[in-house]
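Add chain U to chain A, keeping to what the hints say.
Number of protein chains: 2
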Amino acid sequence: MKRSVSIVLVAFMFAAAILVFVVTKPVSVQASASKTDQDSVPSAVWDSSGQLHRPVGYRRWVFVGAPLTPNGLNNGKASFPEYHHVYVEARNLDVFLKTGLFPEGTVIVKELTRVLDPTFPHGSRTEPSGRGYFNGIYNGLDVTVKDSKKFPETNGWGFFNFGHHPEPYADLPLSVASATRSFAAKTDMTWVQFYPMLRDKQ
Amino acid sequence: MKRSVSIVLVAFMFAAAILVFVVTKPVSVQASASKTDQDSVPSAVWDSSGQLHRPVGYRRWVFVGAPLTPNGLNNGKASFPEYHHVYVEARNLDVFLKTGLFPEGTVIVKELTRVLDPTFPHGSRTEPSGRGYFNGIYNGLDVTVKDSKKFPETNGWGFFNFGHHPEPYADLPLSVASATRSFAAKTDMTWVQFYPMLRDKQ
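Chains as they are written, first to last, in the numbering used here: chain A, 3 to 204; chain U, 3 to 204.
Calculated from the structure, these hints are not laboratory results.
Backbone N, C-alpha and C fix where the C-beta goes; we use that ideal spot for every residue, glycine too.
Treat each hint with caution, since some may be false.
Here are the simulated distance ranges between beta carbons [claimed, not checked]:
1. U:Gly78 x A:Lys100: 35 to 43 Å
2. A:Gly102 x U:Pro154: 47 to 55 Å
3. U:Asp173 x A:Glu155: 43 to 51 Å
4. A:Leu174 x U:Ala92: 26 to 34 Å
5. U:Leu174 x A:Pro170: 42 to 50 Å
6. A:Lys100 x U:Ser150: 37 to 45 Å
7. U:Asn77 x A:Leu174: 45 to 53 Å
8. A:Lys79 x U:Ser150: 44 to 52 Å
9. U:Pro170 x A:Thr121: 32 to 40 Å
10. U:Asp49 x A:Glu155: 53 to 61 Å
11. U:Ser81 x A:Asp119: 19 to 27 Å
12. U:Val58 x A:Gln53: 33 to 41 Å
13. A:His166 x U:Ser50: 33 to 41 Å
14. U:Ala172 x A:Asp119: 31 to 39 Å
Some residues of chain A that are not near chain U, with every Cβ distance over 12 Å (derived) [as the list claims (entries may be wrong)]:
15. His87
16. Leu103
17. Glu106
18. Glu155
Next up, chain A with everything else stripped away, as it sits in the complex:
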């Protein structure tokens, strides 16, 4: 765990160094799959100082999976003890399913939701459908952006945190880091192996 923290810190410092060189005028990244007027809206929106705006409407993007690493299974010290709801926009997903690569500007959202009021040591509770885990309140927002120019040293992906707490989230990132290579899979997505729609594509 300490090693993971070190990796994150190093990545964070590295990201900070990168940000010194980030452009200071408005930048809009357009998905290569853009066809219609609606599609031409950039996936990632940056302001004039190079800050990423918090994505909106992501709960209606395409859901790809919900890993769950409850505190009860991690000695009470899970980095993210919640459900990880992961979303990606349909147009960017379509490019990935066709080419195996997400287009520039792709935003991947991970929204946390707490497990609903645990009654067992492992974090689970019992409902009519059985003992298990159920979705509690929203509890945090992490965003990953593909931008090969901004994050050339880390597979082209940057990581942004908008808060690890109940809503409301921050409008601008509370922390910024390049995605580390430590979790990288042999694909364009660092954790594609956990998401059936992405993993099992032909």
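Then chain U, alone, in the frame of chain A:
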């Protein structure tokens, strides 16, 4: 558990009785929220013999939650040991968020995905992000349809199963039952309490 099984069986027989009276000519139920051409496509599609067609494209509908009742937490006998990915169409969700009621013809999909290769007794495994549950392969499709005419005795909801196994699923329901009242919440949705987007609406 036995009582639950009895309730389901009774509900199933009741549904079969109802189906005798189901119209035998093509029926299309239109969502009351319909405004545009696209919206006018019925949510639920029935064929000439009154059978519900398997929904298509539901993985791009709005995801509302993912309860998880793993076998390892249910003495190896969970009715549904998988993640329950639940989806609803945006136009129907919009009506619910505005009125507290889903419009006629609303289809709610529950797709199961197995947990990824468990290595612990509770069904979990360890990955770089921690010990927990990760999405495995798709493993079943259940569909709930709101149709007050077809299911007047059960809050207007009917339940359809298209298979509890890996893809491909059946094109027509393998079993049909009215939703029982046993799990009913004080809302239009039998299990709204497990889905933050529905539960926490103002």
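Okay, the hints, checked on the actual structure:
1. U:Gly78 x A:Lys100: 35 to 43 Å: 41 Å, holds
2. A:Gly102 x U:Pro154: 47 to 55 Å: 50 Å, holds
3. U:Asp173 x A:Glu155: 43 to 51 Å: For Asp173 of chain U and Glu155 of chain A the Cβ distance comes to about 49 Å; the hint holds.
4. A:Leu174 x U:Ala92: 26 to 34 Å: At roughly 28 Å between Cβ atoms, Ala92 of chain U and Leu174 of chain A fall inside 26 to 34 Å, so the hint holds.
5. U:Leu174 x A:Pro170: 42 to 50 Å: 45 Å, holds
6. A:Lys100 x U:Ser150: 37 to 45 Å: 42 Å, holds
7. U:Asn77 x A:Leu174: 45 to 53 Å: 48 Å, holds
8. A:Lys79 x U:Ser150: 44 to 52 Å: 50 Å, holds
9. U:Pro170 x A:Thr121: 32 to 40 Å: 38 Å, holds
10. U:Asp49 x A:Glu155: 53 to 61 Å: 56 Å, holds
11. U:Ser81 x A:Asp119: 19 to 27 Å: With Cβ atoms ~22 Å apart, the hint holds.
12. U:Val58 x A:Gln53: 33 to 41 Å: Check passed, 40 Å falls within 33 to 41 Å.
13. A:His166 x U:Ser50: 33 to 41 Å: 53 Å, violated
14. U:Ala172 x A:Asp119: 31 to 39 Å: Roughly 37 Å apart at Cβ, these two residues keep to the hinted range, so it holds.
15. His87: About 7 Å separates His87 of chain A from the closest Cβ of chain U, which leaves it inside 12 Å; violated.
16. Leu103: Given a closest Cβ separation of 20 Å, the condition holds.
17. Glu106: Check passes; 22 Å lies beyond 12 Å.
18. Glu155: Given a closest Cβ separation of 20 Å, the condition holds.
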